[in-house]
Amino acid sequence: MTNQSLQELIGSWFPNPEAEKDSDVVDVAENEEGSEDISTTQEPINPSLLVFSEEGSQFLNIIVQPEQLHSLMAQLKSNPDSQFDYLFCLSGVDWGAELGVVYHLESTTHRHSIVVKVKTPDRENPTLDSVYDIWMTAEFLEREVYDFFGITFNNHPNLKRLFLTDEWEGFPLRKDYVDEINMVIK
Amino acid sequence: MEETIVETNFKSEEYFINMGPQHPATHGVLRLLLTIDGEIIKKVEPDLGYIHRSIEKMCERDSYQQIVHLTDRMDYLSSNINNEAVCLAVENALQLEVPDRVKVIRTIIGELTRISSHCLWWGVMGMDVGALTTYFYGFRDREMINDIFEETCGARLTMNYNVPGGLMFDIHPNFIKRVKDFIVHFKTKIPEYDRLLTGNVIFHKRTKGVGVLTKEDAISFGASGPVGRASGYSCDVRKHRPYSALDKVTFNEAIKTDGDTFARYEVRIQEMWESLSIIEQLIDNIPEGEYRVATNAVIKLPKGEFYQRVETARGELGVYIISTGTKNPYRLKFRSPGFSNLSLLNHIAVGGKIGDLVATMATLDLVIPDIDR
Numbered sequence: 000m001t002n003q004s005l006q007e008l009i010g011s012w013f014p015n016p017e018a019e020k021d022s023d024v025v026d027v028a029e030n031e032e033g034s035e036d037i038s039t040t041q042e043p044i045n046p047s048l049l050v051f052s053e054e055g056s057q058f059l060n061i062i063v064q065p066e067q068l069h070s071l072m073a074q075l076k077s078n079p080d081s082q083f084d085y086l087f088c089l090s091g092v093d094w095g096a097e098l099g100v101v102y103h104l105e106s107t108t109h110r111h112s113i114v115v116k117v118k119t120p121d122r123e124n125p126t127l128d129s130v131y132d133i134w135m136t137a138e139f140l141e142r143e144v145y146d147f148f149g150i151t152f153n154n155h156p157n158l159k160r161l162f163l164t165d166e167w168e169g170f171p172l173r174k175d176y177v178d179e180i181n182m183v184i185k
Numbered sequence: 000m001e002e003t004i005v006e007t008n009f010k011s012e013e014y015f016i017n018m019g020p021q022h023p024a025t026h027g028v029l030r031l032l033l034t035i036d037g038e039i040i041k042k043v044e045p046d047l048g049y050i051h052r053s054i055e056k057m058c059e060r061d062s063y064q065q066i067v068h069l070t071d072r073m074d075y076l077s078s079n080i081n082n083e084a085v086c087l088a089v090e091n092a093l094q095l096e097v098p099d100r101v102k103v104i105r106t107i108i109g110e111l112t113r114i115s116s117h118c119l120w121w122g123v124m125g126m127d128v129g130a131l132t133t134y135f136y137g138f139r140d141r142e143m144i145n146d147i148f149e150e151t152c153g154a155r156l157t158m159n160y161n162v163p164g165g166l167m168f169d170i171h172p173n174f175i176k177r178v179k180d181f182i183v184h185f186k187t188k189i190p191e192y193d194r195l196l197t198g199n200v201i202f203h204k205r206t207k208g209v210g211v212l213t214k215e216d217a218i219s220f221g222a223s224g225p226v227g228r229a230s231g232y233s234c235d236v237r238k239h240r241p242y243s244a245l246d247k248v249t250f251n252e253a254i255k256t257d258g259d260t261f262a263r264y265e266v267r268i269q270e271m272w273e274s275l276s277i278i279e280q281l282i283d284n285i286p287e288g289e290y291r292v293a294t295n296a297v298i299k300l301p302k303g304e305f306y307q308r309v310e311t312a313r314g315e316l317g318v319y320i321i322s323t324g325t326k327n328p329y330r331l332k333f334r335s336p337g338f339s340n341l342s343l344l345n346h347i348a349v350g351g352k353i354g355d356l357v358a359t360m361a362t363l364d365l366v367i368p369d370i371d372r
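Going down the list, the protein sequences come from chains Y and A.
One point on numbering: in numbering that gives the first Met the number 0, the residue at position 72 of the first sequence is 71, and numbering is uninterrupted.
One point on numbering: in numbering that gives the first Met the number 0, the residue at position 151 of the second sequence is 150, and numbering is uninterrupted.
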């Protein structure tokens, strides 16, 4: 599936409130909590929930709000037209003001790929939903992100430090991490 | 067999046992916390980080040329393919077309690396299940490849032969002859491997039906490389997203459907044949030309995100670069094949015996620095 048709497909699952009037909402039944959230909170604060972009990347990028993350991911995996069953990369990223996670997905049936990004501005206590129940590989990958970025994942079965010891202070891959002994700054 | 129940006063209870961090079957510094009932494994929990160097953090400080040198400290048995992955990512970001000569040499050396890695794996696989001879046979043939590498670039293991833009040096004048000699030699050795281990009844009993991984689970756990392919899951990056000269060659993707330890063994044996075939197709047709195109001394990638996927001997390696336009990456993530393959160990080892765990781990082919990046 091309990026353009992927974008149309995914956009149809989460219609934004303004476009909802003139777009055909095909699969309302499948939009579990996702669509309810949108329909109940029809406020101008939420102009567009999904941001699509292809700029500066070889993949189609979607930026999703943390509340929408899990329902979007479940749809991406289960919908027969997308079938993103292979999570081949899960990276934590510190964007400065925001922390977040980048998911690289591929479909082993259709052989198309997509990138989903989720960002949270809360640096003190960042929390996102786990996708462990969708892709089992996420269990270890999310533990790694927790270890190095301090992002906690809701519903994760075993969220604790993976590489570092439990007593370790701070999260080393954050940009503001300081360690005068172990880090060589040039 | 009829089960007899004997009433005894013995109590059965679960207990913990440590496997590693210094255990010969883990091939490195990996500690497994095993929960065991008798000899039946109830849970396997890996304890990682003994040799974590935080290569990803170091990359944020280093230039792109320097990063190449860090990558062969990850999966040191696929060092050349790791180097290639970073070089390809940088070249794609710069939209730099490397000469055909470079592509062909990279592919040949990549496949030699794969054979070398599989030779070592085959040797220690036999050793793990109790056949010490295989170790010496595997190392004997690997030695020939290491000699070729040494003559080519001076290093036997951590090669650093690739640089962004091409290769560090041209190939040695003896290179083609020695590779051809190796092909002739190794074609007589894989049947020897088969006679020694593949057809061995004891080996079959240790491996068949052990550590079964279904296709659905393989995909869900992000398994790649021979582990994924042994479960019937077509995941060869060389086939699906060919890089360097791999689009010019024909080869079969080794796929088995049993998903057990023996299937993973068979896939790797077949991969050695396929790698030999790839090298044979290319070795007589190395194009003339430059071995490197000039890049700026300070490489600055354009602003954006770049992802490069390659197939190492262990599976899919991903290099994810986020660049802000400076001479260092803003964030660099390595998606390592060993990490995902380790994460499924608990899933396939539960219910088996400790001996089965050792055989299973041998065919996952874990390289610990690849996991502890």
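Hints are supplied without guarantee of correctness; some may be wrong.
[Stated by the list, open to error] Quick list of in silico lysine-lysine cross-link-like pairs, BS3-like style, CA-CA up to 25 Å:
#1 A:214 <-> A:42
#2 Y:118 <-> A:302
#3 A:41 <-> Y:118
#4 A:41 <-> Y:116
#5 A:302 <-> Y:76
#6 A:42 <-> Y:159
#7 Y:174 <-> A:56
#8 Y:174 <-> A:214
#9 A:41 <-> Y:159
#10 Y:116 <-> A:302
#11 A:255 <-> A:179
#12 A:41 <-> Y:174
#13 Y:159 <-> A:56
#14 Y:174 <-> A:179
In case anyone wonders, no lab produced these hints; they're calculated from the structure.
Which hints from the list above does the structure break, by number from lowest to highest?
Violated hints (numbers, rising): 3, 4, 5, 8, 11, 12, 14; every other hint is consistent with the structure.
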